[in-house]
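Listed here are the chains, written in short residue letters.
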Amino acid sequence: MSTPTTAPAGAPAGATAGRPGATHRVTFARVLRSEWIKFWSLRSTVWTLASTVVVMAAVSYLAVFFTAREAFDPVTKPEDVALLVALLRDPSLVLTGADLAKLVVAVLGVLIVTGEYSTGMIRSTLTAVPRRLPALWAKALVLTAVTAITAAVAVVLSWVVALPTLHAHDAALDLADPQTRRILLGGVLYLVAVCLLAFAVGAIVRLSAGALAAVLGLLLVVEVMFRTIPADFFRNVSPFLPGTAGHQLLATQAGIEQARATSSAPVLDPWTGYGVMLAWVAVLLAVAAVLLRRRDA
Amino acid sequence: MITAENLTKTYGPKTAVDGISFTVEPGKVTGFLGPNGAGKSTTMRMIVGLDRPTAGIVTVNGRPYARHRSPLTEVGALLEAKAVHTGRSATNHLRAVAATHGLGRGRVEEVIEMTGLQTVAGKRVGGFSLGMGQRLGIAAALLGDPRTLILDEPVNGLDPEGVLWVRTLMRELAGQGRTIFLSSHLMSEMALTADHILVIGRGRIIADASVADIIARSSGTTVLVRSPHAAQLIELLRGPDVTCTAMEPGAVEVAGTTAQVIGEAAAAAGLVLHELAPRTGTLEDSYMSLTADAVEYHSSPAASPMASAAPSKEQAR
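In the order they appear, the protein sequences are chains H and E. Residues in the first sequence are numbered consecutively from 1, following the working numbering. Residues in the second sequence are numbered consecutively from 1, following the working numbering.
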């Protein structure tokens with residue numbers, strides 16, 4: 001370390017060019033810039049984004065590859081072949097990896113906020129932005145933008161790596177088809193909503209372990225439990241749970257019709273389902289905002 | 001200028017800060033002194049709006065901290081060394097904080113240089129020593145070139161050179177007319193750095209005076225006398241203004257009179273003196289006597305001879 005004893009002479013009030021003054025007000029654009037710098041200056045976030053893309057494309061490729069191999073395997077029974085070919089033509093097969101990628105973005109959403117609490121960074125953040133809410137919104141906005149772009153890259157990559165296999169079996173996605181476009185866009189929107197849901201829970205719970213347990217427990221255990229327990233209460237509530245509702249955006253209309261025909265429980269339309277998920281996100285973010293204003297940091 | 005009025009903070013049934021009022025004046029270094037758990041950190045956290053007061057109000061330069069449009073140019077605060085994400089480099093941490101106020105890279109480089117962090121600025125904060133963490137915290141506090149600085153235990157973990165640097169910097173900043181408010185449990189440090197001292201104990205202000213006043217007020221000058229005839233000497237000196245405290249067999253601490261009077265009295269009575277030593281009270285002594293009733297965690301006398309001195313003095317009176 002160099003000798004700091006010599007430094008103070010050139011200290012603050014020396015009215016140099018960089019001297020802060022009245023022009024240095026806190027504005028939302030500046031808070032946004034700060035959150036942007038914060039986001040990209042952590043290695044863990046960059047790695048999380050990269051793994052989202054890799055995990056999603058890899059799982060999607062495996063799903064497409066093995067479905068195709070099974071469908072065109074001579075030993076497969078004829079009645080199964082029809083089913084497998086239909087599966088192969090379903091645009092959501094290309095998004096199989098989204099189910100794993102959602103866990104990665106959920107972890108990102110949680111840690112981006114709980115990491116500030118566990119390290120004490122939150123005190124620097126809230127001292128610089130004592131009105132507090134701009135920091136929360138800026139962070140959510142940066143997270144939304146970055147997750148959206150990452151998810152879009154992941155969806156495109158999943159489609160690209162599956163392309164040769166699908167093409168070989170005459171099952172290439174028809175991008176002119178509105179439903180295909182809705183499902184591909186849905187993959188992006190779903191991941192963004194999962195990430196924001198996790199972010200809101202992280203902001204409410206503030207502890208990494210607790211928030212991760214809550215989010216992953218909800219997505220992986222609670223929702224599955226509601227879906228599988230054969231009692232009316234669980235069946236009727238299940239479609240309105242955030243992950244289940246939002247996932248409708250990735251379902252084909254044919255799949256939805258089929259579900260309606262076989263089940264007495266409500267089956268939500270794609271955009272209705274996504275709307276329900278966004279409502280969850282909005283409510284949780286509102287709770288997070290109120291708590292951030294009220295609680296001691 | 002920091003002004004607190006009836007500032008109170010309770011956590012459940014426990015009162016951390018109990019209706020304190022004080023003013024921290026510009027152009028001076030004001031020390032905030034108190035034992036652990038006395039409410040120093042809680043008070044500082046309330047000043048910058050991290051904790052919400054249960055009652056009362058505290059303003060900085062006339063407004064509550066959160067009402068300032070450009071808070072970092074009003075107040076720079078070092079509250080705990082670890083208010084930094086461990087995965088980020090020092091430079092990136094400072095850039096992120098600076099960005100909220102539109103302060104550029106130039107100012108970040110300036111504070112890095114001022115705090116002597118050039119060689120480690122690119123490294124991740126997780127690997128920093130306590131001292132480097134403190135320097136980074138001070139760098140962040142200086143970013144906005146604030147009119148008021150609030151530092152909680154700034155010399156904690158610094159090497160002697162760093163301690164000297166902080167002391168010099170604080171004096172210099174106060175000399176420029178800024179308000180400097182720093183807490184410490186190191187009395188010696190306060191004696192060297194502060195002009196004015198607020199002593200807090202159990203959430204209440206015990207003393208609010210200049211360093212010189214505090215020393216004079218609570219301990220005054222005492223005289224240590226060693227003599228084989230200590231008991232007789234005590235009888236001889238006893239008077240309304242004189243306090244004699246037996247320190248150990250053959251040693252007495254006398255307050256309220258002078259070495260000259262004691263020496264003459266002993267000579268007149270033909271008593272032998274082995275030692276006659278006037279002692280000016282230190283800030284440390286006065287701090288101990290001020291906070292003797294206010295410390296939350298007493299150590300047993302055997303474990304801490306220094307702390308035991310205060311209660312035994314009380315008894316002798």
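Misleading hints may appear alongside valid ones.
[Stated by the list, open to error] Partner residues are not named here, just some residues of chain E that face chain H (Cβ under 7 Å, in silico): (1) V48; (2) L50; (3) I57; (4) Y65; (5) P71; (6) L72; (7) K82; (8) H85; (9) T86; (10) N92; (11) R95; (12) T100; (13) L103.
Derived from the structure by calculation, the hints contain no laboratory data. Just so you know, even glycine gets a beta-carbon here, dropped at the ideal spot from N, CA and C.
Tell me the hint numbers this structure goes against, listed in increasing order.
3
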